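In case you want the letters, here they are:
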Amino acid sequence: MVNKSYSALEQGFLCCRQCHKVLPYQQQSVVLCPRCHSKVYPRIPNSLSQSWALLISGFIFYIPANVLPIMTLTKGGAASTDTIMSGIIHLAHIGMLPIASIVFIASILVPALKMIALAMILLATQFKWSMKMKTRTKMYRMIEFVGRWSMLDIFVISILLGIVQFGAIASVDIEPGGLLFAIVIILTMLAALRFDSRLIWDDINEFN
Amino acid sequence: MQSTLNTDNIEHLEVCHECDLLMIGTKVQEGYVSQCPRCGHILEHPTRLSIRNNFVCVFAGLIFYFPAVLFPVLQLTMLGSTESLSIFSCVQALLSAGNWSVGLVLFVSLMLVPLAQMMLIIFVTTRFYYQVKSHYLAVCFKWYGYLNTWGMLDIFMLSIIVASIKLHEDAELEPGLGLYSLIALLLTNALQTQLLNKKLVWTLIEKHGE
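In order, the protein sequence lines correspond to chains Y and A.
Per numbering that gives the first Met the number 0, the first sequence starts with residue 0, numbered consecutively.
Per numbering that gives the first Met the number 0, the second sequence starts with residue 0, numbered consecutively.
You may find that some hints are simply not true.
Claimed, not checked - Keeping only pairs whose Cα atoms sit at most 20 Å apart, straight-line, the calculated DMTMM-like set for lysine to aspartate or glutamate is: (1) LYS141(A) - GLU143(Y); (2) LYS38(Y) - GLU168(A); (3) LYS20(Y) - GLU10(A); (4) LYS20(Y) - GLU13(A); (5) LYS137(Y) - ASP201(Y).
To be clear, the hints were calculated from the coordinates, so they are not data collected in a lab.
Please read all numbers here as calculations on a predicted model, not as lab measurements.
Excised from the complex, chain A in its bound form:
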């Protein structure tokens, strides 16, 4: 840490948004990570072809999204009759049983937020790729950030495991096609968030967003 800081050129300055430390920004090489020296927050982790790879990941995720939501994740056979459960039918069952509040929580966190996030990223990355200017870029990427904590598909995955262990003593369970799609969706989503370089996106938004 320097004892004096040259604050003449605002373009060179960088602030850690977790602890408000003022620094001179440095260019980070691809594959390296820059950390705040005071609180250890990761400031930037640039990757090669970040924008394009993000588009690819989200596009793949979008293909897996609909089977993951609509196809059965579990099939249960109990006393000769078979039932199957998809995320969509789970929300439907909750709503028709009168549990609209829990149903709404599931609808938002399992269906709405993941889809909305993917659409927002697709919108932003395609605008960059085709060099189209748009007013909505900043709003879209801001909303992507807001929604980040509220998508809960990964937790749903763990709860499938817990639920199947609760059920397996008195019923026969089989994984459905939806489960494999869900796993694929989770993997592409994890890869996408790992590859996303927010700082680069914001500098590009400054350039393209009039």
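Excised from the complex, chain Y in its bound form:
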């Protein structure tokens, strides 16, 4: 890029995050948006630290969520517990490879990749790595879009619990791993929400 691009903040303008109204900014401490009455900050305060905190707690929960069983299926007196991975392997064994891969992508690959990618974006923003801004923005958008789909496994075990109610013949119980997994997904979704994507572009003029 030859020309310098103008950040609204440098030029003395603020953009309301909720309603996108452009407001003048003269270094006041609190700006109230006249249109949607929410507080407008130049950038989300403590965006990076909040995002880090949520991401790290999500990562801590991620390990037990994958190791602990998520559900127990009792069929004809015999109980079998499943972790996320063993459920996927079972699906692949009965010949449902496409579905098994969907579940694998949604509940193992996506959460892990999402946390790594978000950590990379946070590191790159914090330490001003020369990672391409467009790439970072694209990654961030992917994270935001794809994050909710990891809830798939929670819904599947809930459906199984809801539908298999034959008392003595079969029953399904949700184990602690299921709840932990839901917590991981919600925490990482919040981490992505708390990150202010405008921070990515703030040091654009330093590299050119």
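Could you slot chain A onto chain Y? The hints should help.
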């Protein structure tokens, strides 16, 4: 990109809220999309009769919502006995089995958020249509935005498919009326979010919301 930017008239300025790029706003024609030149974020996509079509879509969605939640989505026959499952009974089963935390997640993401979003959009669009002024317009539309990521009916749809494949080896499955309503609800919701022109809504809120 211009080398100098005339910042005298704040009404003409536009800021990309994803990358904070300051631009001179242009009027976008219906059916066209304006994109941020720097980060590629879609700034506006106006459609014809956006407000009215939104109301129609959400109203249709509201009609489908109750059967989608209350009627069985799946019917399962196993060893001669039949069970049916609706979203509501699924939440109920979770709560009565003592899994109140997972039950709460399902209740919020499958029942509460979709309904709340539709009610908020109906409130906002009817206020516009009848030209009624209201203080609550801004709050309502703001909450609509907050709730956007937390409705998960589309994911539930995929999980129905996964669950039925897990079950179909030892039980007979049949789709219920709730499943068709759920599909209809998802289609109307997708159409509604596609047609929603947030920028137009906010300018109208500025006009109607005292």
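Against the structure, the hints come out as follows:
Using a Cα cut-off of 20 Å, the hinted pair LYS141(A) and GLU143(Y) holds, with the two alpha carbons roughly 19 Å apart. With a C-alpha separation of about 55 Å, the suggested pair LYS38(Y) and GLU168(A) falls outside the 20 Å cut-off, and the hint is violated. A C-alpha spacing of about 9 Å is found between LYS20(Y) and GLU10(A), which places the hinted pair at or below 20 Å, so the restraint holds. A distance of roughly 8 Å separates the Cα atoms of LYS20(Y) and GLU13(A); the hinted pair therefore holds under the 20 Å criterion.
Simply put, LYS137(Y) and ASP201(Y) have alpha-carbon atoms about 16 Å apart, close enough for the 20 Å limit, and the pair holds.
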